[in-house]
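S.K.: Using the sequences and the hints given, assemble the complete structure.
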Amino acid sequence: MNENSDLEKLEKKAASSLYQDGIFDISIGHVLIAFGTASWLENYITETYSTLIAIAIYLVVFIPIWLVYFYVTKPRLGTVKFGIKRRRSNAIVMGLITSVLVVNIVVFILIFTEVIQFSGHEYLLAAVFGLIPLVIFTAMAYFLSYKRLYLTGFLFSVGFFLKEVLTLQGLDLYSNIVFISIGGIIVVIGLAYLIRFFKKYPKIKVNSHEYQEIGNQQ
Amino acid sequence: MNTKKSEISNNLSELMDIDKDIHEPARLMILSYLFVLESADFIFLRGQTGLTWGNLSSHIAKLEEKQFVEVKKEFIRKKPRTMVSLTEKGKEAFLNYREKMKEILG
Chain A
-1 MNENSDLEKL EKKAASSLYQ DGIFDISIGH VLIAFGTASW LENYITETYS
49 TLIAIAIYLV VFIPIWLVYF YVTKPRLGTV KFGIKRRRSN AIVMGLITSV
99 LVVNIVVFIL IFTEVIQFSG HEYLLAAVFG LIPLVIFTAM AYFLSYKRLY
149 LTGFLFSVGF FLKEVLTLQG LDLYSNIVFI SIGGIIVVIG LAYLIRFFKK
199 YPKIKVNSHE YQEIGNQQ
Chain B
444 MNTKKSEISN NLSELMDIDK DIHEPARLMI LSYLFVLESA DFIFLRGQTG
494 LTWGNLSSHI AKLEEKQFVE VKKEFIRKKP RTMVSLTEKG KEAFLNYREK
544 MKEILG
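Sequence lines, in order, name chains A and B. Everything in the first sequence is counted per our numbering, starting at -1 for the first residue and increasing by one. Everything in the second sequence is counted per our numbering, starting at 444 for the first residue and increasing by one.
Some clues are possibly wrong.
[Unchecked claim] Computed footprint of chain B on chain A, listed as stretches where at least three residues anywhere in the stretch have a Cβ under 8 Å from a Cβ of chain B:
#1 8 to 22
#2 63 to 76
#3 79 to 92
No lab work stands behind these hints: they were computed from the structure. For clarity, every value in this text was computed on a predicted model and none was experimentally measured. Ideal Cβ positions, reconstructed from N, Cα and C, are used throughout, including at glycine.
M.R.: Structure follows, in structure tokens:
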């Protein structure tokens, strides 16, 4: 066993502690809820309106939840600067996500312009759709030491795949239910973590003179 | 048999050379975190170690006195933040401590 593995574990523990407030889970799960709702609304209103409603639904949750992050959970977690290795991992994740997104956009354009044709291979396309979030979330989980994202990636993957398959079968309503339900599961997981976070990190009651003492020692 | 006894006695006598400023569990915990991180503020260290403000302050003061850690006060958007990082001396002392403990415990 690597003799530094205990220190590596400690560093990973410190890194993963930044994600224990569940904020990211809530916002990412809500993406599925918003898009599932928009897709369902397309049966009743135009695509433009349903897209606008989806954005509105998303922002209604996204803005307050990130305000909670900036004003409540982040100050309770404190500030930490990680070493070069961790910063390199974060850069790898950013690079990977950007590459996957660029490839997706290019592939989407090629499909849209019919340069690539999937006629007769629609289920293969559904499987590819399902793999995209799995790759992104798995990489994030590994490099950011954010283990919960393995589950999120799996759920997203299942959601994307089932949505495509059910849409192909003409079961639009069920495909939207799947999207919204999976989004709901991820949001509930995030909420559970947020509640646990509030219990573990109550509002900081710092005895001012103790804190001052340290500041004055310089 | 005698060789083994003298080995044990040698190992135990090495215990006297252990840096007692690091050996204290709370300080060891603080140093371990600072060894794997570039720097952290008091709030983060408190959350990770589970120490009280008073305990954390006094242990960091002790480590600062020994020049094992550096305490810097900075202002981010007009709010004070006290960042703590390990000095070169602190890194060296921590690594020496680890080596010594490994030798003693086999």
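S.K.: A separate judgement is required for each hint: does it hold in the structure or not?
M.R.: Hints, one by one, checked against the model:
For the stretch 8 to 22 of chain A, the proposed coverage by chain B is satisfied: 5 residues have a C-beta within less than 8 Å of a C-beta in that chain, meeting the threshold of three. Counting residues of the stretch 63 to 76 of chain A whose CB lies closer than 8 Å to any CB of chain B gives 4, so the stated coverage by that chain holds, three being the minimum. Counting residues of the stretch 79 to 92 of chain A whose beta carbon lies closer than 8 Å to any beta carbon of chain B gives 3, which meets the minimum of three for the stated coverage.
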